[in-house]
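> When you get a sec, could you build the whole thing from the sequences and use the hints?
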Amino acid sequence: MSDCRRLSAHSLGGGVRLGNPKKPKQCVIPSVERGIWAAAPVSEGPLPDPSLDARNDTRDQFTTSQDDTFPANLAFSLWDDSPMNVSLRISAALLTLLFAVSCTEEDNTIRVGSKNFTESVLLAELLAQTLEASDCDVERRTNLGGTIVAHNAIEAGEIDAYVEYSGTALTAILKMPATSDPKAVDDRVRSEYAKKNLRWGPSLGFNNTFAMIIRKADASRRGLTTISDLRKVVGEFQPGFGPEFAARPDGYGGLTAAYGLRFSKPAKTMDLGLTYRALHSGQVDLIAGNSTDGLIESLGLVALLDDKKYFPPYDAAVVSRNDIDSKCGGAASALESLVGTLNEATMRRLNFEVDGRKRDPREVIREFLSAPGTASASPSVGTGL
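First residue of the sequence shown: 1, per our numbering; consecutive thereafter.
Just so you know, the hints here were simulated from the structure itself, not pulled from any lab data. Just so it is clear, CB atoms sit at the ideal spot from N, CA and C, and this is done for glycine as well. The reader is advised that the hints may include incorrect statements.
Here are the simulated lysine-lysine pairs, DSS-like style, with alpha carbons at most 27 angstroms apart [what the hints assert, rightly or not]:
id	residue 1	residue 2
1	K216	K308
2	K268	K308
3	K183	K196
4	K216	K232
5	K265	K232
6	K265	K308
7	K175	K309
8	K309	K183
9	K308	K232
10	K195	K183
11	K309	K268
12	K265	K216
13	K216	K268
14	K358	K216
15	K308	K175
16	K309	K265
17	K196	K175
18	K232	K268
19	K175	K268
20	K308	K183
21	K216	K309
22	K195	K175
23	K309	K232
What follows is a set of in silico ranges between Cβ atoms, one per label pair, in the way DEER data are often shown [said to hold, decoys possible]:
id	residue 1	residue 2	range
24	K183	E336	16 to 26 angstroms
25	E336	R359	25 to 35 angstroms
26	K268	V149	21 to 31 angstroms
27	S333	D107	14 to 24 angstroms
28	S333	S264	49 to 59 angstroms
29	P249	R349	26 to 36 angstroms
30	G223	K196	39 to 49 angstroms
31	G329	D307	47 to 57 angstroms
32	N343	K196	21 to 31 angstroms
33	A184	L305	17 to 27 angstroms
34	R359	P249	28 to 38 angstroms
35	N108	G282	46 to 56 angstroms
36	R221	A184	38 to 48 angstroms
37	S264	V149	30 to 40 angstroms
Structure follows, in structure tokens:
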């Protein structure tokens, strides 16, 4: 019988000592006096012998909250067989049946999150397997949604770590103006995140900037090599983007203003995962992708040069909560071991293994970490709590 069920079954008469001393918990018990449920810490040890005089011997075994929401004169006199107390025992039993007794145990599971695209899922898996190699318990919460959803989740403590991009953190999350200096962006984001009790870093070693992508055939036919060259086709090209790029300040609106692009066809908005398929099939002519996307080459596409350097740097970095070591000693050190683990070519290859060859992200990352020379193949070992 679980500790909580034991409390439910035995709390009608006198003291209760329950549970594993290594797992502090709270249980919710009924207050007959006020008709509510109140949290009360439960002390440890064996259940009392009902044959004892409850009023004299078990009072000290039952610990309630400071306001004594379960009245002592009621809780410890219910063993009497007077008609009144029989009635009270029945009433208390009904209360116990009507309301669920809940216990909360200390939670040492580290929750790793991701946004809803392949690279983010792969990087979440990289964090998860690195932490697991350091004896941490890990729960994966992938495909949460876009940038703001993931950021809100880590601020609220729903996840403990995920991978973000410096330019995205600066402009989309912190709402600060873009700059092309990678170090300035990194330093500013780290400083601002510290105010939110979040740790920015380490950097994983690659810059995944936005890429404006078209078909190679169109690039050759119309002589398109830079984003500025799109002025030649604003009257005929159909743009199509994921909802986040269409809405964010460093996205479509800012891009067209910076380059003086005025497309005659309004941009189509679609799920981010559909943009490559739409471009390849001719439903759209221009999409926003990532420079490390594995499908660019395999689908016969090309990324245009950002000749005005509009996009800020998007260096991939681990974001984690400052209290992550309280869940697993050495977790922060394990994540720090991932510094400089990846470059653009490697990330592009890993993305293609999933998007192009339809492999499981867990398998792809497991293979990557086991390869000779992988910096994170033998992460620092911490102590799982």
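> Take the hints in turn and mark each one as holding or not.
Verification of the supplied hints:
This hinted pair checks out: K216 and K308 have alpha carbons roughly 21 angstroms apart, not beyond 27 angstroms. For the suggested pair K268 and K308, the alpha carbons sit about 24 angstroms apart, so the restraint of at most 27 angstroms is met. The hinted pair formed by K183 and K196 meets the criterion: a straight-line CA distance of about 20 angstroms does not exceed 27 angstroms. Restraint check for K216 and K232: satisfied, since their Cα atoms lie roughly 16 angstroms apart, inside the 27 angstroms limit.
Between K265 and K232, the direct Cα distance comes to roughly 14 angstroms. Compliance with the 27 angstroms bound is thereby established for this hinted pair. Between K265 and K308 the alpha-carbon distance is near 23 angstroms, which keeps this suggested pair within the 27 angstroms criterion. Of the pairs offered as hints, the one joining K175 and K309 holds, with about 19 angstroms between alpha carbons and a cut-off of 27 angstroms not exceeded. For the hint linking K309 to K183, the alpha-carbon distance of about 16 angstroms falls within 27 angstroms, and the restraint holds.
Restraint check: the Cα-Cα separation between K308 and K232 comes to about 17 angstroms, which is no more than 27 angstroms; the hinted pair holds. Of the pairs offered as hints, the one joining K195 and K183 holds, with about 19 angstroms between alpha carbons and a cut-off of 27 angstroms not exceeded. At most 27 angstroms may separate the alpha-carbon atoms for a hinted pair to count; K309 and K268 meet this at roughly 25 angstroms. Straight-line distance between C-alpha atoms of K265 and K216 comes to about 21 angstroms, which keeps the hinted pair within the 27 angstroms bound.
Simply put, K216 and K268 have alpha-carbon atoms about 21 angstroms apart, close enough for the 27 angstroms limit, and the pair holds. Between K358 and K216 the alpha-carbon distance is near 24 angstroms, which keeps this suggested pair within the 27 angstroms criterion. For the proposed pair K308 and K175, the alpha carbon gap of about 21 angstroms is at most 27 angstroms, so the pair holds. Annotation: proposed proximity of K309 to K265 holds, straight-line Cα distance about 25 angstroms (limit 27 angstroms).
Distance check on the hinted pair: K196 and K175 sit about 15 angstroms apart at the alpha-carbon level, within 27 angstroms; holds. Our distance criterion of 27 angstroms between C-alpha atoms is met by K232 and K268, whose separation comes to about 20 angstroms. Distance check on the hinted pair: K175 and K268 sit about 25 angstroms apart at the alpha-carbon level, within 27 angstroms; holds. Proximity of K308 to K183 is assessed by CA-CA distance (about 19 angstroms); at most 27 angstroms being required, the pair is judged to hold.
A threshold of 27 angstroms between alpha carbons decides the hint, and for K216 with K309 the separation of about 22 angstroms falls inside it, so the pair holds. Among the hinted pairs, K195 with K175 is consistent with the structure: their alpha-carbon atoms are about 15 angstroms apart, no more than 27 angstroms. Using a Cα cut-off of 27 angstroms, the hinted pair K309 and K232 holds, with the two alpha carbons roughly 19 angstroms apart. Checked against the hint of 16 to 26 angstroms, the C-beta distance between K183 and E336 comes to roughly 19 angstroms, which is consistent with it.
Range check, E336 to R359: about 28 angstroms between beta-carbon atoms, so the 25 to 35 angstroms window is met. Under the hint 21 to 31 angstroms, the C-beta atoms of K268 and V149, about 22 angstroms apart, fit the expected range. The beta-carbon spacing between S333 and D107, approximately 21 angstroms, falls within the hinted interval of 14 to 24 angstroms. Taken as a hint, the range 49 to 59 angstroms holds for the pair S333 and S264, whose Cβ atoms sit roughly 55 angstroms apart.
Look at P249 against R349: about 31 angstroms separates their beta carbons, and that is inside 26 to 36 angstroms. For the pair G223 and K196, the beta carbons lie near 47 angstroms from each other, so the given range of 39 to 49 angstroms is met. For G329 and D307, the Cβ-Cβ distance of about 49 angstroms falls inside the hinted range of 47 to 57 angstroms, so the restraint holds. The beta-carbon spacing between N343 and K196, approximately 29 angstroms, falls within the hinted interval of 21 to 31 angstroms.
The hint said 17 to 27 angstroms for the Cβ distance between A184 and L305, and at roughly 23 angstroms that hint holds. For R359 paired with P249, a C-beta distance near 35 angstroms keeps the hint of 28 to 38 angstroms intact. Between N108 and G282 the Cβ separation comes to about 52 angstroms, which falls inside the hinted range of 46 to 56 angstroms. At roughly 40 angstroms, the beta-carbon separation of R221 and A184 lies within the given 38 to 48 angstroms, and the hint holds.
With their beta carbons about 33 angstroms apart, S264 and V149 fall inside the hinted range of 30 to 40 angstroms.
Of the numbered hints given earlier, the model fails none.
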